[in-house]
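J.: Read top to bottom, the protein sequences are chains G and H.
The opening position of the first sequence corresponds to residue 1 in the numbering used here, with each subsequent residue numbered one higher.
The opening position of the second sequence corresponds to residue 1001 in the numbering used here, with each subsequent residue numbered one higher.
Think of the hints as simulated: they come from the structure by calculation, not from any bench.
Hints are not guaranteed to be accurate.
Heads up, simulated BS3-like pairs for lysine-lysine below, C-alpha to C-alpha not over 25 Å straight-line [stated by the list, open to error]:
1) Lys1015(H) with Lys54(G)
2) Lys1149(H) with Lys15(G)
3) Lys259(G) with Lys284(G)
4) Lys1052(H) with Lys15(G)
5) Lys1198(H) with Lys1259(H)
6) Lys1219(H) with Lys1159(H)
7) Lys151(G) with Lys306(G)
8) Lys173(G) with Lys54(G)
9) Lys1054(H) with Lys1149(H)
10) Lys1306(H) with Lys1154(H)
11) Lys52(G) with Lys1082(H)
12) Lys198(G) with Lys306(G)
13) Lys1259(H) with Lys1306(H)
14) Lys1259(H) with Lys1200(H)
15) Lys15(G) with Lys54(G)
16) Lys82(G) with Lys1237(H)
17) Lys237(G) with Lys1082(H)
18) Lys15(G) with Lys1054(H)
19) Lys82(G) with Lys219(G)
Label pairs and their in silico Cβ distance ranges [claimed, not checked]:
20) Gly1199(H) with Met51(G): 43 to 51 Å
21) Gln1091(H) with Pro84(G): 31 to 39 Å
22) Gly1199(H) with Asp83(G): 50 to 58 Å
23) Met51(G) with Arg1197(H): 48 to 56 Å
24) Gln91(G) with Gly1094(H): 23 to 31 Å
25) Lys1054(H) with Thr301(G): 48 to 56 Å
26) Lys1054(H) with Phe110(G): 52 to 60 Å
27) Lys1219(H) with Asp29(G): 52 to 60 Å
Output of the computed footprint for chain H on chain G, the stretches with three or more beta carbons under 8 Å from beta carbons of chain H [stated by the list, open to error]:
28) 5 to 13
29) 37 to 50
30) 67 to 76
31) 292 to 305
These numbers were taken from a predicted model, which means no experiment stands behind them.
Where is the CB? At the ideal position from N, CA and C, for every residue including glycine.
2 protein chains.
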Amino acid sequence: MRIVFLGTGGSFPTKERNVGSVALQVGGDIILFDCGEGTQRQLLYTTLSFMKIKRIYISHLHGDHFFGLPGLVQTMGMNQRKDPLEILGPQESGPHLQRILDAGFGFNPFEIRVRELADWHTETEGELTITNCQVNHTVPSLAIAVQEKDKRGKFDREKAVELGVPPGPLFSKLTNGRTVEVDGRTIEPDQVMGPPRKGKKFVYCGDTAPCDSIREIAKDADVLVYESTFAHELEEKAKDFMHSTNVQAAQVAKECNVKHLILNHISPRYSGEDVQNMLEDCRKVHPETHIASDLDDLVLTAEGLKESREKEQDHRPG
Amino acid sequence: MRIVFLGTGGSFPTKERNVGSVALQVGGDIILFDCGEGTQRQLLYTTLSFMKIKRIYISHLHGDHFFGLPGLVQTMGMNQRKDPLEILGPQESGPHLQRILDAGFGFNPFEIRVRELADWHTETEGELTITNCQVNHTVPSLAIAVQEKDKRGKFDREKAVELGVPPGPLFSKLTNGRTVEVDGRTIEPDQVMGPPRKGKKFVYCGDTAPCDSIREIAKDADVLVYESTFAHELEEKAKDFMHSTNVQAAQVAKECNVKHLILNHISPRYSGEDVQNMLEDCRKVHPETHIASDLDDLVLTAEGLKESREKEQDHRPG
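Given the sequences, and given the hints that come with them, work out the whole structure.
T.: Written out as C-alpha cells, the structure reads:
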C-alpha cells in the first residue's frame, strides 16, 4: 500500500498546505479520499497518474473536501479517459455531487457513477474489502476502511531442498497450495510455507468528533488517517465544531490499537513550532504518530511505514 | 492600474501554469477576471487581499475559468467577509454559477449577487466605466473593457508663481478647477494646468476566435489581455475549437491600436522554447506583446507597463 498526501490542511489552503486529499495506491489502482480544490495540480507533483484513479470517496460535503472534483473529472475527460469512475459519498451527498459535476458546459467522454453509501456498507474492489460508516460531524461524514486479503506465507526454499524437492515446477505447485510427491513421499504445502501474512488495513476518517463508530471501524488498523483540526488547547472549539484535537486523535488510535496514526486536516492557524508541539503531545499518548505534510509519499510494508522510493523530487517548497 | 496574473494556462493546470485568473487593482479595489481552480491559493503568493475583491467576472462557463469560484467564496466567508460580492457572467451563466455556489453545506455570511450581462452592457463602479460584449466561442463568452475617467492635468507650479499666485490655498483652488483673483487680475485654471491625462483602458477577453466585437471593444486599449491557446501552426485546430493563435492575437491588437498585448490561456502543450517562439512570432506583427507567466505583477503608469514593486518575493517556482 502506498499512501500519498496531496493536501493536509483544513478549511482553506495556506502556502504550506493545500486542502485535503489522500491517494491510496494498491497494485496499479488508486483510490482517492476527498478531493479539495487544487488536488489535480497537487497530483502533478507526484508520480501518480490521475487516470489510474478508480474511485473517489468524498467523506462529506464541506467545500475543502470536494471542490476539486469537477476540475479533476474534466481533466480526466480532456485526457481521453474511457474507464468509468466511481464517486462515493455519505447520505444526502448525491444531489450535491451531481450539482457540482453538472456546473458549466463541460463534456465527459466516460461514465461517472455517483453513489450515496449506507451506514456500515461493505463492498469489494478487486482484492480489497472496503467498509464505510458514518462518524460524528455537523453534516453526514464518512470513515472508510480498506482491508487487503491475507497473503500466503513465504516459501522456505531451504526447507524444500532439505526435504528433497527439486527446484522447478514442484516449487510452484507447493507455493500455490498443492501437495506434491517426491520419491514416493508426500510433501504438504504447510511443510514449506510460512504462516499466512495478514493483509494490511488502512482507514481514512473524514471530519469528526471522537465517536464509537470510528473506534469500531479503525480497530487494529495498520494506518489510520485522522483529522486534527485543533490543538489540545482548543478542545472546546473542537467540540463546538464537531472536530477532533491532536490528543483526542491519539487517544482514539490508542484505544483501537492502531499501528500508525497519521494526522491531517490541520487548521490554517498552525504552522512550524505549533505543529511540532502538536506532534509531541500526541506521541505521549500514542508514540507511532505522524503529522502529514503535503506530498508525503509513504509505503506500508511488513517492516512498517517508510518513505516511498517513488517520491517525486521536483516538488513545491513548503 | 495593477494587473496580476494568477493563472495563465488553458484547459488544465501544469506545474508552470495554473488555470486562468487575472486580478485588476485600481485604487484599493480588485476586480477579478475568471477564477480557475486554485485561484485562492495563487492569491496567497501575491500581496493582494482576496477580501478586497469587489466583483468577479466569469468570462464563460468552461471549468478552467470558474471552478475556483466556490472555494474562493467559501474562504471569504470563513474570514468574516461582510461586503457583498458581485459575480457577473455572460448570458445563460446564471443557473450554472448558482449551481456551483450552492453545492455542499457551506454558509456565506455575506451577500452574493449573481448577474447575467446583456451584450454591450455598460455600468460604472466607482471611478470606472465597465463595458462588456460577447465574443465568439463555442459557448457564450465575454470580453470586458475597464475605462478609467480622465484625470486633470499636472499643476505647473513655476508658471503659477510667475503669474504672481502665492503658494497656499490659491494653488488648491486652481488645481480644483476654480478661477482665482491676484492683485485684481483673474487667473484661469487652464493657464496653470497641463492638458487632462487620458484615463487608462484595460480589456480582458475570454476565450474567442478573432471577431468584430473584440476589435470594437479593444479599440485603443492600453492593455489587452487576450487568449493564445494555440501557436500559429495549429490555426486549423484553433478554428475548430473557436480559439485564437498567437499570431491572430497580435493581428487583433495591431488592428485595434492596442498599446500592450498580453497573452494568456496558453495550452498545456507549450512550455520553454515553444513559448519563446510564440512570443517572437507575435512581435513581428505587434512589437509590444508579452506572454504572461503565473504571478506576473505589473503596473500600468504614464511611462508604460512595468513590473510592480508589490511583487511577492516568496513564490512558487515555475
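J.: Run every hint past the structure and note whether it holds.
T.: Taking the hints in turn, this is what the structure says about them:
no.	hint	verdict
1	Lys1015(H) with Lys54(G)	holds, 24 Å
2	Lys1149(H) with Lys15(G)	violated, 37 Å
3	Lys259(G) with Lys284(G)	holds, 15 Å
4	Lys1052(H) with Lys15(G)	holds, 19 Å
5	Lys1198(H) with Lys1259(H)	holds, 14 Å
6	Lys1219(H) with Lys1159(H)	violated, 36 Å
7	Lys151(G) with Lys306(G)	holds, 20 Å
8	Lys173(G) with Lys54(G)	violated, 33 Å
9	Lys1054(H) with Lys1149(H)	holds, 19 Å
10	Lys1306(H) with Lys1154(H)	holds, 22 Å
11	Lys52(G) with Lys1082(H)	violated, 42 Å
12	Lys198(G) with Lys306(G)	holds, 18 Å
13	Lys1259(H) with Lys1306(H)	holds, 13 Å
14	Lys1259(H) with Lys1200(H)	holds, 11 Å
15	Lys15(G) with Lys54(G)	violated, 29 Å
16	Lys82(G) with Lys1237(H)	holds, 23 Å
17	Lys237(G) with Lys1082(H)	holds, 23 Å
18	Lys15(G) with Lys1054(H)	holds, 24 Å
19	Lys82(G) with Lys219(G)	violated, 37 Å
20	Gly1199(H) with Met51(G): 43 to 51 Å	holds, 50 Å
21	Gln1091(H) with Pro84(G): 31 to 39 Å	holds, 34 Å
22	Gly1199(H) with Asp83(G): 50 to 58 Å	holds, 54 Å
23	Met51(G) with Arg1197(H): 48 to 56 Å	holds, 55 Å
24	Gln91(G) with Gly1094(H): 23 to 31 Å	holds, 30 Å
25	Lys1054(H) with Thr301(G): 48 to 56 Å	holds, 54 Å
26	Lys1054(H) with Phe110(G): 52 to 60 Å	violated, 39 Å
27	Lys1219(H) with Asp29(G): 52 to 60 Å	holds, 55 Å
28	5 to 13	holds (count 3)
29	37 to 50	holds (count 6)
30	67 to 76	holds (count 6)
31	292 to 305	violated (count 0)
The structure fails to meet hints 2, 6, 8, 11, 15, 19, 26 and 31 from the earlier list, while all remaining hints are met.
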